[in-house]
Amino acid sequence: MEEYLDWIAPIGKDLYVIRTGEWRYQKPERDHEKCKKCGTCLIFCPTGSIYVEDERYETDYEYCKGCGICARECRADAIIMVEEVRE
Amino acid sequence: MGETIDKIKWLLTDKYANKALEEEIRDIEDLLSPGVSTCLGCGAEVGLRIALKIFGKNTILAIPPGCMGGVGVVGYGLTTGAKVPVFFPLLDNIASMLAGIKRQFNRKGEKVYVLAYAGDGGTADVGFQCLSGAAERDENIIYICYDNEGYMNTGIQRSGTTPYKAWTTTTPVGESRRGKPQVSKNMPLIMAMHEVPYVATASIAYLEDYATKLKKAAKVEDGLSYIHLFTPCPTGWRFSTDKTIEISRLAVETNFFPLWEAKYGKIRFTKKIWFKKPVKEYLKVVGKYSHLTEEEIEEIQKLVDERYDMLKSLAR
Amino acid sequence: MIKVVDGNQAAAFGAKLSKPDVIAAYPITPQTPLVEYVATMVARGELDAEMVEVESEHSALSVLHGAALAGARTFTATSSQGLSLMYEPYFRTSTLRLPVVMCIVTREMISPQSVWGGQQDAVTVRDAGWIQLYVENNQEVLDTVIQAYRLAEDKKVMLPVNVCLDGFYLSHMAEKVEIPEQDDVDRFLPPLKMDYIKLDPKEPISVDPLTPGGLLTHYRKKHMEGLENAKEVFEAVDRDFGEIFGRYYHGKIEPYRMDDAEIALVTMGSMSGTARVMVDKARERGVKVGFLKLKMFRPFPKEEFRELLEGIDVVGVIDRNVSFGFSSGTVFYELKSALMGHHEPLMASFIAGLGGMDITKGHVGTVIRFLEKIQQTKRVEKEVIWMDLEEEIWEKPLTR
Chain A
1 MEEYLDWIAP
11 IGKDLYVIRT
21 GEWRYQKPER
31 DHEKCKKCGT
41 CLIFCPTGSI
51 YVEDERYETD
61 YEYCKGCGIC
71 ARECRADAII
81 MVEEVRE
Chain B
1 MGETIDKIKW
11 LLTDKYANKA
21 LEEEIRDIED
31 LLSPGVSTCL
41 GCGAEVGLRI
51 ALKIFGKNTI
61 LAIPPGCMGG
71 VGVVGYGLTT
81 GAKVPVFFPL
91 LDNIASMLAG
101 IKRQFNRKGE
111 KVYVLAYAGD
121 GGTADVGFQC
131 LSGAAERDEN
141 IIYICYDNEG
151 YMNTGIQRSG
161 TTPYKAWTTT
171 TPVGESRRGK
181 PQVSKNMPLI
191 MAMHEVPYVA
201 TASIAYLEDY
211 ATKLKKAAKV
221 EDGLSYIHLF
231 TPCPTGWRFS
241 TDKTIEISRL
251 AVETNFFPLW
261 EAKYGKIRFT
271 KKIWFKKPVK
281 EYLKVVGKYS
291 HLTEEEIEEI
301 QKLVDERYDM
311 LKSLAR
Chain C
1 MIKVVDGNQA
11 AAFGAKLSKP
21 DVIAAYPITP
31 QTPLVEYVAT
41 MVARGELDAE
51 MVEVESEHSA
61 LSVLHGAALA
71 GARTFTATSS
81 QGLSLMYEPY
91 FRTSTLRLPV
101 VMCIVTREMI
111 SPQSVWGGQQ
121 DAVTVRDAGW
131 IQLYVENNQE
141 VLDTVIQAYR
151 LAEDKKVMLP
161 VNVCLDGFYL
171 SHMAEKVEIP
181 EQDDVDRFLP
191 PLKMDYIKLD
201 PKEPISVDPL
211 TPGGLLTHYR
221 KKHMEGLENA
231 KEVFEAVDRD
241 FGEIFGRYYH
251 GKIEPYRMDD
261 AEIALVTMGS
271 MSGTARVMVD
281 KARERGVKVG
291 FLKLKMFRPF
301 PKEEFRELLE
311 GIDVVGVIDR
321 NVSFGFSSGT
331 VFYELKSALM
341 GHHEPLMASF
351 IAGLGGMDIT
361 KGHVGTVIRF
371 LEKIQQTKRV
381 EKEVIWMDLE
391 EEIWEKPLTR
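Residue numbers (our numbering), protein chains in the order written: chain A, 1 to 87; chain B, 1 to 316; chain C, 1 to 400.
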């Protein structure tokens with residue numbers, strides 16, 4: 001009986017994840033010297049790909065789609081978009 | 001004198017507004033899947049991630065058909081796109097389904113946030129009746145409308161909130177038609193006139209303001225709260241993907257999309273624009289307005305001013 | 001406790017005794033009094049439930065979707081245009097496997113504009129995956145609502161159920177009805193447990209993710225299995241009910257005087273009472289006629305019909321509805337296709353009682369005469385007979 005009740009109705013359990021970093025045609029590069037650590041890039045990143053490690057702001061390239069919002073919004077001009085080069 | 005101090009204060013706080021919010025939310029777990037297939041520079045995705053961080057795990061999330069549903073927030077196959085319970089209501093029963101969930105949780109004596117993150121089509125057009133009904137019945141639900149001014153997921157068709165003269169695939173620009181011939185439905189004001197406990201407009205360029213409003217909505221226990229979130233769409237509005245936030249900011253700075261809140265129908269501005277920009281500055285960077293002539297821009301300026309004045313006359 | 005109640009009130013009593021958590025309904029003729037009765041019970045504190053006075057039928061069923069996903073036992077009722085407005089969430093109720101119980105107080109579909117009885121509304125939505133039970137009288141209305149919850153919430157079924165009662169003929173006619181004791185109902189109906197689909201922050205899952213075709217096919221097959229299971233489960237539910245309450249309805253199909261019958265009538269809903277009287281009268285004349293009262297229209301009890309109609313010469317089906325496109329009554333063509341490849345009696349379709357027209361003793365008597373003639377001549381001259389349009393019948397219906 002328990003078996004019959006398994007998956008009789010549409011539900012999802014495991015997390016659905018797409019490696020959206022693979023879409024990128026340009027990538028953000030950060031000049032840590034210029035970074036004022038204001039956090040603007042972090043809150044505006046649509047994919048939530050910016051994180052802080054050892055008090056430095058970094059981008060998770062696994063999911064960053066390369067939209068360029070971080071570079072445009074950065075008040076310190078610490079981020080530039082460069083062409084993504086893949087092997 | 002007081003006004004000058006306010007101006008200075010605004011200049012200062014605006015510049016550093018993000019820091020406080022950033023510190024607050026930075027270490028909160030992201031409850032949305034890290035990889036969902038939104039377009040590059042998606043405004044709606046910004047709004048959803050922040051909302052989930054504010055509401056936290058004790059939330060049940062409705063994602064109706066539309067962009068957020070299409071990109072996998074409800075998952076695909078046997079998966080889920082969020083770390084909170086999430087479901088697809090029908091496009092036209094969002095508020096009713098949420099009301100049913102909330103009523104049963106109330107009955108069980110369990111507190112939970114029931115939250116809709118719905119597009120403008122499901123909110124202002126086909127789902128409007130049930131939203132209006134839920135508002136009138138004081139259903140204790142939180143409803144965020146991410147307004148990208150059209151049916152973007154199905155390929156950029158006009159909706160009730162598509163603005164005057166805007167190009168969409170169903171209001172094309174040609175010899176006899178020049179974009180949408182009608183003005184947009186003033187959805188947040190319509191909701192405010194339901195005299196529900198809380199209604200607000202918000203913009204993804206002013207996230208601190210948005211977060212504050214989310215927190216106010218979360219506190220409401222005696223009825224519906226509604227947040228109308230302005231979320232530009234690079235794909236549908238025809239602008240480059242890095243300009244989403246900039247365009248959102250311009251919409252506020254030109255009074256095209258003023259920020260305000262209303263408690264039980266009483267309106268109050270939450271963002272005073274001291275240096276109002278002409279609406280032209282906004283229109284010229286958004287591709288869906290690229291066909292506009294100077295006369296048409298002036299006409300839109302007039303409409304924007306009139307709508308703002310009307311709002312001002314209602315505000316405290 | 002014995003009370004004199006109309007069908008709407010009987011349904012409200014059935015709902016109340018089943019202890020629903022959330023009720024949402026929108027008034028529509030002829031279901032309106034049902035909503036009023038339920039609202040009154042809630043207001044008086046006799047029924048402890050969340051009552052949601054929605055702005056449309058679409059929302060009524062949608063509220064119940066949310067409530068059921070949060071674990072609630074739910075109840076609603078509608079008619080006709082309300083049901084068709086509900087169609088979008090209606091289909092989804094069954095495909096999400098939500099055990100909602102909904103009364104359909106049956107009424108014609110417009111156009112032409114009509115507020116009167118007919119089974120067109122409920123019959124038209126037959127392929128949307130619900131279980132549909134049609135009842136004969138007000139006692140059966142009440143009892144079937146309680147039974148419907150047991151059936152809907154059975155682990156082998158987990159599907160929504162419609163209890164269909166004829167608008168006005170049952171909904172607005174008062175009859176003597178025994179109201180069961182709450183303790184007995186509690187014994188019969190255990191609390192609902194929803195664990196295969198739910199919305200709960202303690203166990204976050206997604207409900208209804210985008211589903212590719214192969215997986216969707218899997219869910220469709222499971223759904224059909226659930227419906228098939230309902231046939232067997234309902235027999236057990238009805239028997240259990242009989243043991244506790246002393247009223248047994250013979251499950252999916254009730255046979256009446258069928259033992260030596262050569263001619264069979266098939267009826268659905270309140271017309272069955274009239275058929276009972278007229279079969280008795282025909283028997284007095286020596287006609288070997290019986291009838292089958294079809295209670296479970298969905299899932300359609302194909303196997304039972306094949307068994308019950310084995311060796312029967314002539315079958316007449318009275319339909320209070322039409323099947324557009326098949327050009328007969330709906331139950332008629334369904335029954336005909338169910339018998340294909342098995343014993344195939346001569347069959348005729350009788351359409352009667354549309355738009356609030358009565359199905360009188362005269363109508364049923366005439367139907368029996370028609371069937372006798374078919375038996376004698378061994379041929380069906382006219383397969384579909386519109387009872388209220390045939391001049392001969394119209395002028396002087398046969399009451400004997």
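Each hint should be verified, as a subset may be incorrect.
Stated by the list, open to error - Where chain B lies over chain A, by a calculated footprint (3+ residues, C-beta under 8 Å):
no.: 1; segment: 6-19
no.: 2; segment: 27-34
no.: 3; segment: 67-81
What the hints assert, rightly or not - Here are the simulated distance ranges between beta carbons:
no.: 4; chain 1: B; residue 1: GLY109; chain 2: C; residue 2: LEU215; range: 44 to 54 Å
no.: 5; chain 1: C; residue 1: PHE324; chain 2: B; residue 2: GLN182; range: 31 to 41 Å
no.: 6; chain 1: C; residue 1: LEU215; chain 2: A; residue 2: ASP60; range: 48 to 58 Å
no.: 7; chain 1: B; residue 1: GLY109; chain 2: C; residue 2: PHE324; range: 43 to 53 Å
no.: 8; chain 1: A; residue 1: VAL17; chain 2: C; residue 2: GLU178; range: 56 to 66 Å
To be verified - Keeping only pairs whose Cα atoms sit at most 20 Å apart, straight-line, the calculated SDA-like set for lysine to any residue is:
no.: 9; chain 1: C; residue 1: LYS202; chain 2: B; residue 2: MET193
no.: 10; chain 1: B; residue 1: LYS111; chain 2: C; residue 2: PRO204
no.: 11; chain 1: B; residue 1: LYS266; chain 2: B; residue 2: THR170
no.: 12; chain 1: A; residue 1: LYS13; chain 2: C; residue 2: TRP394
no.: 13; chain 1: B; residue 1: LYS108; chain 2: C; residue 2: GLN81
No wet-lab data here; the hints were simulated from the structure. Given the structure is predicted, the values throughout are model-derived calculations rather than measurements. The C-beta atom is built at its ideal place from N, Cα and C for all residues, glycine as well.
The hints, checked one at a time:
| no. | hint | result |
| --- | --- | --- |
| 1 | 6-19 | holds (count 10) |
| 2 | 27-34 | violated (count 0) |
| 3 | 67-81 | holds (count 8) |
| 4 | B:GLY109 / C:LEU215: 44 to 54 Å | 36 Å, violated |
| 5 | C:PHE324 / B:GLN182: 31 to 41 Å | 39 Å, holds |
| 6 | C:LEU215 / A:ASP60: 48 to 58 Å | 31 Å, violated |
| 7 | B:GLY109 / C:PHE324: 43 to 53 Å | 50 Å, holds |
| 8 | A:VAL17 / C:GLU178: 56 to 66 Å | 59 Å, holds |
| 9 | C:LYS202 / B:MET193 | 36 Å, violated |
| 10 | B:LYS111 / C:PRO204 | 15 Å, holds |
| 11 | B:LYS266 / B:THR170 | 36 Å, violated |
| 12 | A:LYS13 / C:TRP394 | 63 Å, violated |
| 13 | B:LYS108 / C:GLN81 | 34 Å, violated |
In summary, the numbered hints that this structure violates are 2, 4, 6, 9, 11, 12 and 13.
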